[in-house]
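Order-wise, the sequence lines are chains A and B.
Heads up: the first sequence begins at 1 in my numbering, then just goes up one per residue.
Heads up: the second sequence begins at 1 in my numbering, then just goes up one per residue.
No lab work stands behind these hints: they were computed from the structure.
The reader is advised that the hints may include incorrect statements.
To be verified - Chain A is nowhere near these chain B residues, computed Cβ spacing over 10 Å in every case:
id: 1; residue: Val78
id: 2; residue: Leu108
id: 3; residue: Lys136
id: 4; residue: Glu253
id: 5; residue: Asn436
Stated by the list, open to error - Pairs of lysine-lysine residues, derived as DSS-like cross-links and limited to a Cα-Cα distance of at most 27 Å, are as follows:
id: 6; chain 1: A; residue 1: Lys167; chain 2: B; residue 2: Lys188
id: 7; chain 1: B; residue 1: Lys233; chain 2: A; residue 2: Lys167
id: 8; chain 1: B; residue 1: Lys573; chain 2: B; residue 2: Lys526
Since this is a predicted model, take the numbers as computed values, not measurements.
We put the CB at the ideal spot given by N, CA and C, even for glycine.
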Amino acid sequence: MISSFQHTQNRSHYHQRKVGLLQRLHIDITLLILLICLSSIGILILLSAGHEDIGLLQRQVTRLGIAFLAMLVVAQIPPHILKMFAPWLFILGTILLLGVLFVGDMGKGAQRWLDLGFFRFQPSELLKLATPMAIAWYLAERRLPPRLKHIGFATVFIAIPTVLIAKQPDLGTAILIASSGIAVLFLAGISWKLITGVIAATAGLAPVLWSFMKEYQQQRVLTFLNPENDPLGAGYHIIQSKIAIGSGGIYGKGWMHGSQARLEFLPESSTDFIFAVFSEEFGLIGCIMLLTIYLLIFIRSIYIAIQAQDTFSRLLAGSLSLTFFVYLFVNVGMVTGILPVVGVPLPLVSYGGTSMVTLLIGFGILMSIHTHRKLLSS
Amino acid sequence: MKTSFDLKSSLHESRLFLSRSITLIIFVLILFVALIARLTYLQIETHEKYSDLAQNNRVKLSVINPVRGLIFDVHGRVLAENNPSYSLELVPEQVDDINLTIKKLSALLPISENDITLFEKRRKQLKRFASIPLRKRLNDTEAAIFSANRHLFPGVDIQARPLRHYPYPELTSHVVGYVGAINEKELKTIDPVNYRGSRFIGKTGVEKTYESELHGFVGYQQTENTAQGRSLKVLSHTPPLSGSNLTLNLDIELQKIAYNMLGDYTGTIAAIDTRTGAVRALVSKPGFNANLFAKGIDTVSYKALQTSTKKPLFNRALRGQYPPGSTLKPFFGLAGLEYNTIQPNEKINCPGFYRLPKQEHKYRDWKRGGHGMMNLHDSIVQSCDVYFYTLAHRLKIDRMHSFLSRFGFGQKTGLDINGEKGGLLPSREWKRRARNQAWHPGETLIAGIGQGFNLTTPLQLAHATAILANRGTAFEPSLLARIDSTLIKPMPTLPVELNNNSHWDIVLNAMYDVVNGARGTARRIKEGAPYKIAGKTGTAQVFSIKQDGKYDEENVLEHLKDHALFISFAPAKDPQLAIAVIVENGGHGGSVAAPIARAMFDQYITTSP
Numbered sequence: 001m002i003s004s005f006q007h008t009q010n011r012s013h014y015h016q017r018k019v020g021l022l023q024r025l026h027i028d029i030t031l032l033i034l035l036i037c038l039s040s041i042g043i044l045i046l047l048s049a050g051h052e053d054i055g056l057l058q059r060q061v062t063r064l065g066i067a068f069l070a071m072l073v074v075a076q077i078p079p080h081i082l083k084m085f086a087p088w089l090f091i092l093g094t095i096l097l098l099g100v101l102f103v104g105d106m107g108k109g110a111q112r113w114l115d116l117g118f119f120r121f122q123p124s125e126l127l128k129l130a131t132p133m134a135i136a137w138y139l140a141e142r143r144l145p146p147r148l149k150h151i152g153f154a155t156v157f158i159a160i161p162t163v164l165i166a167k168q169p170d171l172g173t174a175i176l177i178a179s180s181g182i183a184v185l186f187l188a189g190i191s192w193k194l195i196t197g198v199i200a201a202t203a204g205l206a207p208v209l210w211s212f213m214k215e216y217q218q219q220r221v222l223t224f225l226n227p228e229n230d231p232l233g234a235g236y237h238i239i240q241s242k243i244a245i246g247s248g249g250i251y252g253k254g255w256m257h258g259s260q261a262r263l264e265f266l267p268e269s270s271t272d273f274i275f276a277v278f279s280e281e282f283g284l285i286g287c288i289m290l291l292t293i294y295l296l297i298f299i300r301s302i303y304i305a306i307q308a309q310d311t312f313s314r315l316l317a318g319s320l321s322l323t324f325f326v327y328l329f330v331n332v333g334m335v336t337g338i339l340p341v342v343g344v345p346l347p348l349v350s351y352g353g354t355s356m357v358t359l360l361i362g363f364g365i366l367m368s369i370h371t372h373r374k375l376l377s378s
Numbered sequence: 001m002k003t004s005f006d007l008k009s010s011l012h013e014s015r016l017f018l019s020r021s022i023t024l025i026i027f028v029l030i031l032f033v034a035l036i037a038r039l040t041y042l043q044i045e046t047h048e049k050y051s052d053l054a055q056n057n058r059v060k061l062s063v064i065n066p067v068r069g070l071i072f073d074v075h076g077r078v079l080a081e082n083n084p085s086y087s088l089e090l091v092p093e094q095v096d097d098i099n100l101t102i103k104k105l106s107a108l109l110p111i112s113e114n115d116i117t118l119f120e121k122r123r124k125q126l127k128r129f130a131s132i133p134l135r136k137r138l139n140d141t142e143a144a145i146f147s148a149n150r151h152l153f154p155g156v157d158i159q160a161r162p163l164r165h166y167p168y169p170e171l172t173s174h175v176v177g178y179v180g181a182i183n184e185k186e187l188k189t190i191d192p193v194n195y196r197g198s199r200f201i202g203k204t205g206v207e208k209t210y211e212s213e214l215h216g217f218v219g220y221q222q223t224e225n226t227a228q229g230r231s232l233k234v235l236s237h238t239p240p241l242s243g244s245n246l247t248l249n250l251d252i253e254l255q256k257i258a259y260n261m262l263g264d265y266t267g268t269i270a271a272i273d274t275r276t277g278a279v280r281a282l283v284s285k286p287g288f289n290a291n292l293f294a295k296g297i298d299t300v301s302y303k304a305l306q307t308s309t310k311k312p313l314f315n316r317a318l319r320g321q322y323p324p325g326s327t328l329k330p331f332f333g334l335a336g337l338e339y340n341t342i343q344p345n346e347k348i349n350c351p352g353f354y355r356l357p358k359q360e361h362k363y364r365d366w367k368r369g370g371h372g373m374m375n376l377h378d379s380i381v382q383s384c385d386v387y388f389y390t391l392a393h394r395l396k397i398d399r400m401h402s403f404l405s406r407f408g409f410g411q412k413t414g415l416d417i418n419g420e421k422g423g424l425l426p427s428r429e430w431k432r433r434a435r436n437q438a439w440h441p442g443e444t445l446i447a448g449i450g451q452g453f454n455l456t457t458p459l460q461l462a463h464a465t466a467i468l469a470n471r472g473t474a475f476e477p478s479l480l481a482r483i484d485s486t487l488i489k490p491m492p493t494l495p496v497e498l499n500n501n502s503h504w505d506i507v508l509n510a511m512y513d514v515v516n517g518a519r520g521t522a523r524r525i526k527e528g529a530p531y532k533i534a535g536k537t538g539t540a541q542v543f544s545i546k547q548d549g550k551y552d553e554e555n556v557l558e559h560l561k562d563h564a565l566f567i568s569f570a571p572a573k574d575p576q577l578a579i580a581v582i583v584e585n586g587g588h589g590g591s592v593a594a595p596i597a598r599a600m601f602d603q604y605i606t607t608s609p
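Sequences are here, hints too, so could you generate the full structure?
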C-alpha cells in the first residue's frame with residue numbers, strides 16, 4: 001500500500017513538472033487514466049449485458065462524453081468558489097426535493113424526477129454533491145474537532161435530504177447521501193466516544209423499534225434483509241445473480257459468453273446487476289482486477305484529500321473518496337447477496353446517465369482541489 | 001492576522017485529518033477484502049453448484065398456492081369449501097390455427113366476444129408456451145362436453161382452479177362471511193411472500209377473523225426449463241401448507257330453523273349454549289348470496305345489495321343495536337332485590353301511569369287501565385311498566401348501570417369474530433361525557449323499562465340470558481370449536497354473585513311463569529312442549545307516541561311498528577340453550593318473537609344428547 005502511495009505521488013509530481021499543460025488545464029492525469037480505464041471496461045461489458053444493442057451503447061458513450069466534459073469544466077472552478085456556493089446549492093437542492101415530493105413525476109413507481117419543462121432532473125443527484133459540500137463548509141468555518149452543538153446541527157443538515165429521499169422512496173441514494181455527510185463528520189474528528197456511543201445506542205434501540213412494528217411490517221423487514229425468503233419477488237434477482245456469478249468460476253466464461261444474462265434470466269442486467277454479468281464472463285480474476293481499479297481510484301482520491309491545503313477541501317475530498325467506494329461496496333454487496341437490494345448502480349459501469357454525471361463532477365471537484373494548490377512546501 | 005495559536009491549531013487539524021484518513025483507508029481495505037472473500041466463496045467454493053444450475057437449462061420457480069381451510073358446523077356439516085372451477089385454456093404454441101380452433105370451440109361451448117378479446121390481450125402479454133384461459137367458470141355440463149371432444153383440439157385443455165363455495169350462502173352470509181379478491185388496502189397489510197399466489201382473502205365474519213389460520217403457507221416448485229422456458233421436470237418441491245380446517249360451534253340446522261321462522265320479517269337471533277358459551281345460531285336476516293362475492297360480484301348486483309332498504313349487507317347479529325324494551329325487566333328486578341329497594345312481596349299499585357313527585361308528565365303503562373296491585377313476580381309475568389318506573393326511581397340510574405353491566409350490557413361480549421358493537425348502557429357519567437348534558441330523573445324511568453338510551457345487540461341479550469339462566473356463571477360466547485383437531489376451551493366470564501341466592505329463584509320463577517303461568521305474556525308457546533321454557537317478552541318502541549296519543553297498531557307504517565323481542569332459556573330447571581330473538585317491526589314479542597324461540601328449542605333440546 002505504501003509503495004503504491006509513493007508511486008502515485010512521484011508520478012503526479014513528475015506530471016506536474018513535465019506536463020505543464022495538464023496543470024494549466026487542471027487535470028489530474030492519474031485519476032483521468034483510471035477513470036477512462038473504468039468507463040472503457042463499462043462500455044465493453046455493456047455491449048454484452050445489453051445484448052449488443054448498439055443504440056444503448058451509443059447513448060451510454062454520449063453520456064460518458066458529457067460527463068467527462070462536465071468533470072473537466074468543474075475542475076476549472078477553484079475550491080474557494082465551490083465553498084462559497086456550497087450552502088446555496090444545498091438550500092436549492094432541498095427546495096427542489098420538496099418540489100419533487102409535491103409535484104414530482106412518477107418514474108418507475110417512485111417520485112424522483114422534477115420536470116422543468118425543457119429537461120427532467122433528479123434533485124437527489126444534486127444533493128449527492130451539495131450535502132458533503134454544505135457540511136464541509138459548515139464545519140470548516142469552525143474550529144476542529146467540532147463541538148457537540150455543531151455536530152448536532154450538521155446531523156440535522158444530513159438528515160433533511162436523507163429522509164426526503166428515503167421517502168421518494170430511493171433508499172440507495174439516501175444511504176449514499178447519509179454516508180457522504182457522516183464521512184465529513186468523521187474526518188472532521190468527532191470523538192471516538194461519541195461514535196461508539198451512537199453505534200451502541202442504535203444497536204440498543206433496534207429491538208425496541210422492532211417490538212413496536214406490526215407482524216406484517218416485521219415480515220417486510222425480514223424479506224428486505226433476507227430476500228431469499230421471497231424467491232419469486234426480491235429473491236429472484238439475488239438467486240439469478242448468484243447463479244451468474246458462481247457459474248463464472250475463476251476464469252469466467254469469456255466476454256459475450258455469459259449464458260445467464262444472454263438468456264435473459266438475469267433481470268436488470270445492464271443497470272444495477274451489471275456486475276453479475278461481468279463476474280460471469282470474466283470470473284474471479286476479472287473481478288479482482290475490476291475491484292482493484294476502484295480501490296486505486298479511492299486511494300488516489302484520499303491522497304488528494306490528504307494533500308489538500310484547507311479544511312473545506314480536505315473534508316470534501318475525503319468525503320467524495322469514501323462515498324465513491326461505498327457506492328461500489330453497496331452495489332457489489334447487493335449483487336453478491338450480502339446486502340439488501342437497495343437499487344444502487346455500479347459506479348461508471350452501469351447503464352444510466354444521471355449518476356454518472358454526478359460522479360464525474362465529483363472527480364472534477366477532486367481535480368480542482370488538487371490542481372489549485374499553491375505550492376508552498378516544495 | 002494569523003497568530004501562532006492558529007498555526008498550531010491548523011497543524012493539529014491536519015494531523016487529526018491524516019489519522020482519520022488512515023482509519024478510512026483501513027476501513028475501505030476491510031470492505032475490499034470482504035468483497036473479494038465473498039466473490040471467492042461464490043466463484044470457487046460454490047462454483048460447481050451454480051455451474052450446474054446454470055448448465056441445467058435454467059431453473060424456473062413457480063408458486064403453489066396452499067389450500068384454504070374448510071369450515072364446518074358443530075356436527076361436521078360443511079359451511080365453506082373449495083370447489084374446482086374449470087377454465088378452458090389454450091397453449092398457442094401447440095395450436096396450428098388459433099382462429100379456426102376458437103371458431104370450432106364456439107360451436108361446442110358458448111364463448112363470448114369479451115372472452116376472445118381478453119384471450120387476445122393475454123396472448124400478447126404471455127409467451128407462446130404459456131397456457132392462456134379462453135373461457136372461465138365452465139359448468140359441469142360444459143366441462144363434460146369439452147372432455148368428450150378433447151381429442152379434436154390439440155393444445156386446448158381444461159384447468160381446475162379452486163373457488164370458495166358456501167353451501168348455505170344466505171344462512172351463513174354474515175356469520176361465516178365470505179372471501180373476495182384482495183384489494184389495494186389489504187395489499188398493504190398482508191405478508192407479500194405468503195400471499196404471492198393468493199387471489200382471495202377473508203372479507204367478513206369467520207373468514208376474516210380466522211384468515212391467518214385458514215390461509216395456510218405458500219409452497220414453491222423449481223422446474224428445469226428449456227432455454228425457451230418450457231418446463232421439463234420438477235427439480236425441487238417445497239409443498240404448501242394447507243390452511244387449518246375450522247369447526248364452529250354453530251348448528252346449521254338450528255340456524256336454518258331460526259332463519260326460516262323469521263319468515264318475511266327482518267330480524268336477528270342469537271342462541272348460546274348456556275353450558276359452554278358455544279354460539280349455536282347467529283342469524284341476521286335478510287342475508288345475501290355469499291357465493292356472489294366469492295366469484296367476484298358484478299357492480300349491478302353489489303349496488304342492488306347496497307341500496308336495498310332491508311340492508312342485507314348489515315350484520316344485525318353483531319352490529320344491530322336495538323332498544324331492549326321489557327326484556328331488561330328481570331335484570332332490574334334482580335337489581336331491586338339486591339339493593340334492597342323492594343321487598344319480594346311488596347305490592348305497588350299500577351293505575352296505568354306513573355308521575356314523578358311534583359310533576360305533571362304521565363309515564364304510561366302499555367295497558368291503558370293499569371294492572372292494579374302488583375308484586376315483583378306478577379310485574380315480570382305481566383310486564384307491568386308502572387312497577388318498573390317505581391323501581392327505577394328508587395334505584396337511580398347509576399345503580400341500574402353498575403348492576404346491569406355485570407351481565408355484560410354496554411360492552412362487547414368478546415365473541416371471537418370481528419366487528420361486534422357494544423350497545424349502550426346509559427349512566428350519568430356517560431351522558432356527561434358523550435352529550436355534555438345533565439341526567440334527568442325522567443330518563444331513569446324510561447331506562448327502567450329498557451327504553452330511552454338503552455341499546456343492546458341480540459348477542460348481548462342472549463349472553464345476559466345465559467348468565468341469568470346459570471345463576472351468575474357463564475362463558476364468553478364463542479364461535480370457534482376446533483382448529484383442525486385442537487379444541488378451543490370455553491372461557492368463563494366473571495361470575496355474578498348475589499348477596500342472597502334466593503333472589504335468583506324469585507326472578508327465574510317469574511320468567512318461568514311468563515311462559516307457563518296463566519297470565520304470562522308468552523303463554524301461547526308452552527302448548528305441547530315436552531320441556532319447560534322460561535323467558536321474557538319485550539316490545540320496543542321505534543318512535544315515540546305523543547303524550548296522550550294512542551299507538552294504533554293497524555295504521556302505523558310498517559317501518560315504524562314496534563320491534564318484537566323475546567329472551568328465553570330452556571329447559572327451565574336445567575338450562576341448555578339461551579336465545580334472544582329480535583323481530584324488526586314485528587309488533588308484540590309474545591306473539592311474533594316467542595314462537596321462533598320455541599321452534600328452535602324443539603330442535604335443539606330434542607336432538608341434543
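Hints and how they fare:
1. At the 10 Å boundary, the C-beta of valine 78 of chain B stays outside the reach of chain A, the nearest C-beta of that chain being 30 Å off.
2. Under the 10 Å C-beta cut-off, the non-interface status given to leucine 108 of chain B relative to chain A holds; the minimum distance is some 36 Å.
3. At the 10 Å boundary, the C-beta of lysine 136 of chain B stays outside the reach of chain A, the nearest C-beta of that chain being 24 Å off.
4. The claim that glutamate 253 of chain B lies off the interface holds: its Cβ sits roughly 38 Å from the closest Cβ of chain A, which is beyond the 10 Å cut-off.
5. Remark: the non-interface label on asparagine 436 of chain B is consistent with the geometry, its nearest Cβ contact in chain A lying 35 Å away (cut-off 10 Å).
6. With a C-alpha separation of about 16 Å, the suggested pairing of lysine 167 of chain A with lysine 188 of chain B holds against the 27 Å cut-off.
7. For the hint pairing lysine 233 of chain B with lysine 167 of chain A, the CA-to-CA distance comes to about 44 Å; that exceeds 27 Å, so the pair is violated.
8. A threshold of 27 Å between alpha carbons decides the hint, and for lysine 573 of chain B with lysine 526 of chain B the separation of about 15 Å falls inside it, so the pair holds.
Figure legend: structure checked against the earlier numbered hints; the only hint not met is number 7.
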